[in-house]
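Number of protein chains: 2
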Amino acid sequence: MTILTPGPTEMNPDVLREMLRSVNPDLDKGFFRVYNETVEMIKKLIKWNGDIYIMSGEGMLGLEVSIANTIREGDRVLSLSNGVFGELFADLAMRYGAKVDTVNSPYDEPFDAQLIKNVENYKAVTFVYVETPSGLINNIESVSERIKGKGSLFIVDAISAVGGLPIDCEALGIDICLMASQKAFSSPPGLAIIAVSKKAKEVIEKNNYKGYYMGIKVWDEYLKQEMFPYTPAANDILALHRSLKEIFREGPESVYRRHLASKEATIEGVKAMGLKLFVKDQAFSAPTVTAVYSPISPEKIINFAWEKLGVMLAGSWGPLKDKVIRIGHMGYTAQKRFVAEGIAALGAALNYNGIPANTVNALKKVNEVFDSYNL
Amino acid sequence: MTILTPGPTEMNPDVLREMLRSVNPDLDKGFFRVYNETVEMIKKLIKWNGDIYIMSGEGMLGLEVSIANTIREGDRVLSLSNGVFGELFADLAMRYGAKVDTVNSPYDEPFDAQLIKNVENYKAVTFVYVETPSGLINNIESVSERIKGKGSLFIVDAISAVGGLPIDCEALGIDICLMASQKAFSSPPGLAIIAVSKKAKEVIEKNNYKGYYMGIKVWDEYLKQEMFPYTPAANDILALHRSLKEIFREGPESVYRRHLASKEATIEGVKAMGLKLFVKDQAFSAPTVTAVYSPISPEKIINFAWEKLGVMLAGSWGPLKDKVIRIGHMGYTAQKRFVAEGIAALGAALNYNGIPANTVNALKKVNEVFDSYNL
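Chains A and B, in that order, are what the protein sequence lines are.
Sequential numbering of the first sequence, starting at 1, is according to our numbering.
Sequential numbering of the second sequence, starting at 1, is according to our numbering.
Simulated from the structure, these hints should not be mistaken for lab results.
A portion of the hints provided could be inaccurate.
[Claimed, not checked] Listed next, the stretches of chain A that the computed footprint assigns to chain B, with coverage defined by at least 3 CB atoms under 8 Å from CB atoms of chain B:
| id | segment |
| --- | --- |
| 1 | 25-38 |
| 2 | 60-70 |
| 3 | 84-97 |
| 4 | 108-114 |
| 5 | 185-196 |
| 6 | 210-217 |
| 7 | 227-235 |
[Said to hold, decoys possible] Some but not every residue of chain B turned toward chain A, in silico, with C-beta under 10 Å:
| id | residue |
| --- | --- |
| 8 | Thr2 |
| 9 | Pro13 |
| 10 | Val34 |
| 11 | Ile52 |
| 12 | Met55 |
| 13 | Gly97 |
| 14 | Gly190 |
| 15 | Asn207 |
| 16 | Tyr212 |
| 17 | Leu223 |
| 18 | Pro295 |
| 19 | Ile296 |
| 20 | Trp306 |
| 21 | Leu309 |
| 22 | Met312 |
| 23 | Trp317 |
Yeah, the Cβ is synthetic: ideal placement off N, Cα and C, and Gly gets one too.
Work out the full structure: start from the sequences and follow the hints.
Now the structure itself:
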């Protein structure tokens with residue numbers, strides 16, 4: 001079995017093995033060091049001077065933490081959206097009583113920064129860097145130029161980005177950067193990673209969020225005593241720690257290059273089989289996940305690949321449900337052998353369903369791309 | 001290294017090994033079955049006809065879920081408290097705007113049900129079955145008699161109970177029963193398990209909780225489509241599933257008997273070393289954790305045991321900080337070899353710190369108890 005979905009994805013066996021021990025994270029000072037080392041490695045990876053919290057819960061918890069801690073009933077929020085998660089961010093802000101203005105841009109091209117006006121009137125602007133369901137990477141620099149330094153908090157979902165491509169959070173003026181363990185970190189799902197800037201901390205300080213589990217202020221009170229507000233998901237953190245060590249052992253630049261090669265190889269492979277990318281301009285197809293239009297019901301492809309070949313590909317949801325097939329190439333799976341396995345499975349599934357697709361030629365293209373990267 | 005703290009605790013290697021695979025819990029229908037099987041096993045264990053949710057997050061998340069979903073600003077809540085978690089429940093209810101009346105009873109004896117009056121006036125009553133920080137098991141039957149059938153929701157933190165002792169949630173009239181993976185299930189920390197009765201569901205339906213991650217209504221919407229509202233912590237659930245299978249393979253009655261033997265052996269062992277139980281009446285010392293007064297700073301004992309012997313014992317917190325030492329005998333560690341290891345480590349740590357303690361005699365007692373149980 002091989003999991004080639006855009007998170008959770010196939011994991012490095014060394015990362016999995018890291019979980020093979022019992023630990024009491026509340027009492028073992030050694031674990032507190034592991035937690036802190038994990039935080040420090042993430043800071044280095046995303047170029048961050050602020051604080052980072054690793055909460056026990058899925059990435060979605062982080063999105064809600066970012067809203068719950070900063071937004072009060074009646075606050076104005078600007079939601080920039082060109083995908084499923086962009087819309088979900090607006091929904092979350094409304095749940096917390098925000099007056100949300102939404103600027104929408106098409107799903108299949110990068111968010112059009114020209115559409116952003118009057119940023120000054122908002123307490124926070126929400127934005128998604130990589131839209132996993134559509135395999136799209138937004139042009140965050142152009143958006144950042146319109147947001148940063150204008151007073152509102154710039155909250156960015158970078159869940160399917162970090163670990164797979166370079167990000168300079170400080171340069172981009174991000175105030176809250178959201179990550180999750182199961183994407184390009186290739187760790188088990190279960191950890192929401194929340195980077196909070198000094199400016200965001202000031203807003204949080206004044207805000208009146210009363211919850212405990214998601215409370216940044218609660219975390220701060222405990223962390224300063226070298227304690228956690230609840231028992232952390234220790235085994236998941238041990239795995240994430242190892243994943244990050246692997247990233248720095250290889251070197252982030254090499255990791256990012258491997259992702260670019262995997263993206264390009266996946267794209268060339270699917271093109272050679274006559275498929276069309278969902279994202280119009282290949283430059284904005286994400287380095288971590290590729291979405292292609294499916295010539296037949298994606299379910300047929302996915303079921304064949306999983307049941308007959310043990311290779312898990314993904315469909316999508318929202319408006320993309322029944323339209324696209326997605327192949328993840330994140331973290332550990334951003335390698336020739338996984339890309340080739342995904343392309344071979346896709347080709348076989350197409351053929352089985354009566355669709356002509358030249359898999360041999362597609363795999364040749366995959367190899368050519370990796371060869372051109374010397375990978 | 002051996003973790004003998006009252007959760008997280010040393011785990012069964014078979015449970016740990018269960019985590020050694022990559023899985024996409026959103027797309028793999030096989031995983032949805034694992035989730036459902038896990039839910040069904042928990043239902044059977046706690047005798048439950050209602051719903052069960054396994055959320056990704058620590059046990060504390062479950063406590064907050066129980067309050068957030070049922071309590072509106074201005075609702076009246078009765079907090080029954082004789083320990084650190086009892087007080088925390090009151091704090092959580094206040095965070096969600098409840099008017100909280102608290103009935104306190106001493107930490108070292110079971111909650112005095114005679115103190116409970118006028119239950120009818122409350123939307124919910126919060127109660128802790130086993131107070132982990134003090135190693136106390138409350139007489140839940142006597143409390144239940146005063147609560148059930150009176151209209152208010154009976155919300156019970158059974159986190160350090162379930163898996164270690166029998167509980168009949170239906171007979172006790174519990175409306176929300178809270179559990180966590182890392183206690184007597186001996187699974188990794190990271191899962192909050194929330195059992196919700198039909199009556200509680202009706203209250204939740206009417207209540208206006210707006211959050212997403214902790215929203216029971218959000219979960220219901222997704223579960224009925226055989227989906228999750230966010231990617232579950234798959235590896236942790238695989239481990240929990242295996243833990244439950246182990247409990248049913250052995251048989252719950254045998255598991256509970258093993259806990260009683262471990263409790264009795266621990267108590268006889270510490271008594272033989274001249275230590276005094278924190279809980280006044282041995283009958284109310286929990287089958288999952290024993291707290292004893294420490295003749296010197298608990299830190300000295302704990303540090304020696306951990307640093308020199310690799311055995312992790314626990315101190316406590318709140319008013320019990322610097323007073324007691326705790327030994328967990330939960331799930332996998334409710335066995336002679338772990339109890340003996342804990343007693344031996346405690347004896348050695350006492351001796352090293354100049355306190356006379358007859359470890360040989362204590363271990364003899366431990367063996368006698370397990371012999372009397374034929375274990």
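Review point. Would the stated hint for B/Leu309 survive a check requiring a Cβ distance to chain A of less than 10 Å?
Key: violated (14 Å)
Review point. Count the residues of the segment 25-38 of chain A with a beta-carbon closer than 8 Å to any beta-carbon of chain B: does the count reach three?
Key: Holds, because 4 residues of the segment 25-38 of chain A bring their Cβ atoms closer than 8 Å to Cβ atoms of chain B.
Point to revise | Interface restraint verdict for B/Pro13 against chain A (beta-carbon cut-off 10 Å) | key: Given a least distance of 8 Å, the restraint on B/Pro13 holds.
Practice item. Classify the hint on B/Met55 as holds or violated, based on whether any CB of chain A lies nearer than 10 Å to its CB. Key: holds (8 Å)
Review point. When the nearest CB of chain A is found for B/Pro295, is that gap smaller than 10 Å?
Key: Nearest chain A Cβ about 20 Å off; hint violated.
Exercise for review: Against chain A, run the beta carbon of B/Met312 and see if the smallest gap drops under 10 Å.
Suggested key: Because about 6 Å separates B/Met312 from the closest Cβ in chain A, which is inside the 10 Å limit, the hint holds.
Point to revise | Supplied contact hint for B/Ile296, tested at 10 Å Cβ to chain A | key: Violated: closest Cβ of chain A sits about 18 Å from B/Ile296, beyond 10 Å.
Check your understanding: Do three or more residues from the segment 227-235 of chain A put their C-beta atoms closer than 8 Å to C-beta atoms of chain B?
Key -> n = 7 at 8 Å, threshold three: holds.
Point to revise | Proximity test - 8 Å, beta-carbon atoms, the segment 60-70 of chain A to chain B, at least three hits | key: Answer holds; 4 residues pass the 8 Å Cβ test.
**Study point:** When the least beta-carbon distance from B/Trp317 to chain A is tested against 10 Å, hint result
**Key:** Where the cut-off is 10 Å and the nearest Cβ of chain A is about 9 Å from B/Trp317, the hint holds.
Point to revise | Stated coverage of the segment 84-97 of chain A by chain B [criterion: 3+ residues, CB within 8 Å] | key: holds (count 5)
Point to revise | chain A contact restraint on B/Gly190 - CB to CB distance below 10 Å | key: holds (3 Å)
Checked against the numbered hints given earlier, the structure breaks hints 4, 10, 11, 15, 17, 18, 19, 21 and satisfies all the rest.
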